[in-house]
Amino acid sequence: MPLPLLPEPQSKRYSACPGRTLCPGCPLFVENGGLCSGCTEEYRARCLQARCFSRCNRCGGGLHAIVPAACGRSLLRDEWVELIAAPLAPYRPEPITFSTPLIPVIYGQSEVRKIPERFLWIDAWAAPIHKVMNLDGKFRSRDLKDYLGLSAHQKLILSTAGPDDYMEMLWEKGEMLDYRGHGFDEWFPAHFSVYDNDSKFYQFFNARRQQLHARKVKSRFVWFRLGEHVPVEWLGPILDCPSILLSCQQMYSGFNRRLLRREIELADRLFPISAAFFLLGSGYGALIRESRRVYEIHSGWLMRGLKGHDMKHTSRKDLGRLDLLCLNLKSIYGTVLQRRRKLSQELMKSTGEEPRQTDAGLEEAALDAGWSPPPRGSWRS
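The sequence shown: position 216 = 208 (the numbering used here), numbered continuously.
Simulated from the structure, these hints should not be mistaken for lab results. Each statement offered as a hint is correct.
Derived DMTMM-like pairs: lysine to aspartate or glutamate, alpha-carbon spacing no greater than 20 Å straight-line:
no.: 1; residue 1: LYS210; residue 2: ASP170
no.: 2; residue 1: LYS130; residue 2: GLU167
no.: 3; residue 1: LYS165; residue 2: ASP128
no.: 4; residue 1: LYS123; residue 2: ASP177
no.: 5; residue 1: LYS147; residue 2: GLU86
no.: 6; residue 1: LYS322; residue 2: ASP310
no.: 7; residue 1: LYS106; residue 2: ASP138
no.: 8; residue 1: LYS106; residue 2: ASP315
no.: 9; residue 1: LYS208; residue 2: GLU74
What follows is a list of derived Cβ distance ranges for each label pair:
no.: 10; residue 1: THR32; residue 2: GLU109; range: 50 to 60 Å
no.: 11; residue 1: ARG110; residue 2: ARG331; range: 22 to 32 Å
no.: 12; residue 1: ASP170; residue 2: LEU298; range: 24 to 34 Å
no.: 13; residue 1: ASP70; residue 2: GLU164; range: 14 to 24 Å
no.: 14; residue 1: PRO85; residue 2: ASP135; range: 16 to 26 Å
no.: 15; residue 1: GLY228; residue 2: GLU34; range: 22 to 32 Å
no.: 16; residue 1: ASP170; residue 2: SER143; range: 20 to 30 Å
no.: 17; residue 1: SER29; residue 2: ILE265; range: 23 to 33 Å
no.: 18; residue 1: ASP70; residue 2: ASP170; range: 28 to 38 Å
no.: 19; residue 1: GLU103; residue 2: PRO82; range: 36 to 46 Å
no.: 20; residue 1: LYS322; residue 2: GLU23; range: 48 to 58 Å
no.: 21; residue 1: LEU262; residue 2: ALA77; range: 18 to 28 Å
no.: 22; residue 1: GLY100; residue 2: THR32; range: 38 to 48 Å
We put the beta carbon where it would ideally sit given N, CA and C, even for glycine.
With the sequences and hints as input, model every part of the structure.
In structure tokens:
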């Protein structure tokens, strides 16, 4: 669904908030039957620090990428509203289940492609879109599962945690791409950014585009992201989805981490316990109900290994790259199991829940000195 681009004008800074006159006429404003309640004084102050394009749709508010919806100042505002404000029916794809709580990220380097055969009991791996596809929508191999070294029974997931320009390519071409024909068993919908320094209109627009794109490409996942301003009511169409993606990456400030923890814990209250959470990262200590199935998708083991470092950032010149990558992957797997157990125990203390027998046996087996692979199908079964 490509949107037309207007000529890029002279950029300018605003000294007064233009939203004071734009908000009353915006179809998303609450007084016009929408869900947007306008801006706070704090948000106005942040917004005025950004350079704005008053007559185009090429700016993301924070000037981080070329995108098709900058803010309510564009002449195309009402066209965008027509696209995102239409009611959506509930989205209910089939659920997804994997055997292990860690989904490692994998690249195409020669040493990395040898890793999956050494961890056959890890049954799901994720490849970032910008590592397996170009901006024209061309895949780097006809069979990416074979190219990345996965066996027939291991699942390959296309991760859309990537640059914004790739998301815009997916918005235009995503439903025409043959994911399964190129070796992918599952694929995420486009992950349109909801940055807190973007215009509120842009945050609403991208929050809705994530829901629309999941339907367009028939993904069995949906992204959950509210940011600072998108209301909970905006989530209505995806509350019945059984596989929820939560990005925990690039949270550099304490404010953003607190906001993320709040969002994860809010998601835990909103979604039924049958819905599985897929965290891109660790979750920064957010408490999630012990009976919910939680997966973590990690690339740190790979990035550090390719730089010659272990998971403690220590240079390991005594190990070859393949051995170091295997060491890092074992380490992050153990860390994920320990983190899930610790957070479950903290939550049980706060709620008075009893521990579940099915978790303890698996964690002890996976973390013992012999590093036994976890029994298939027993993790939070």
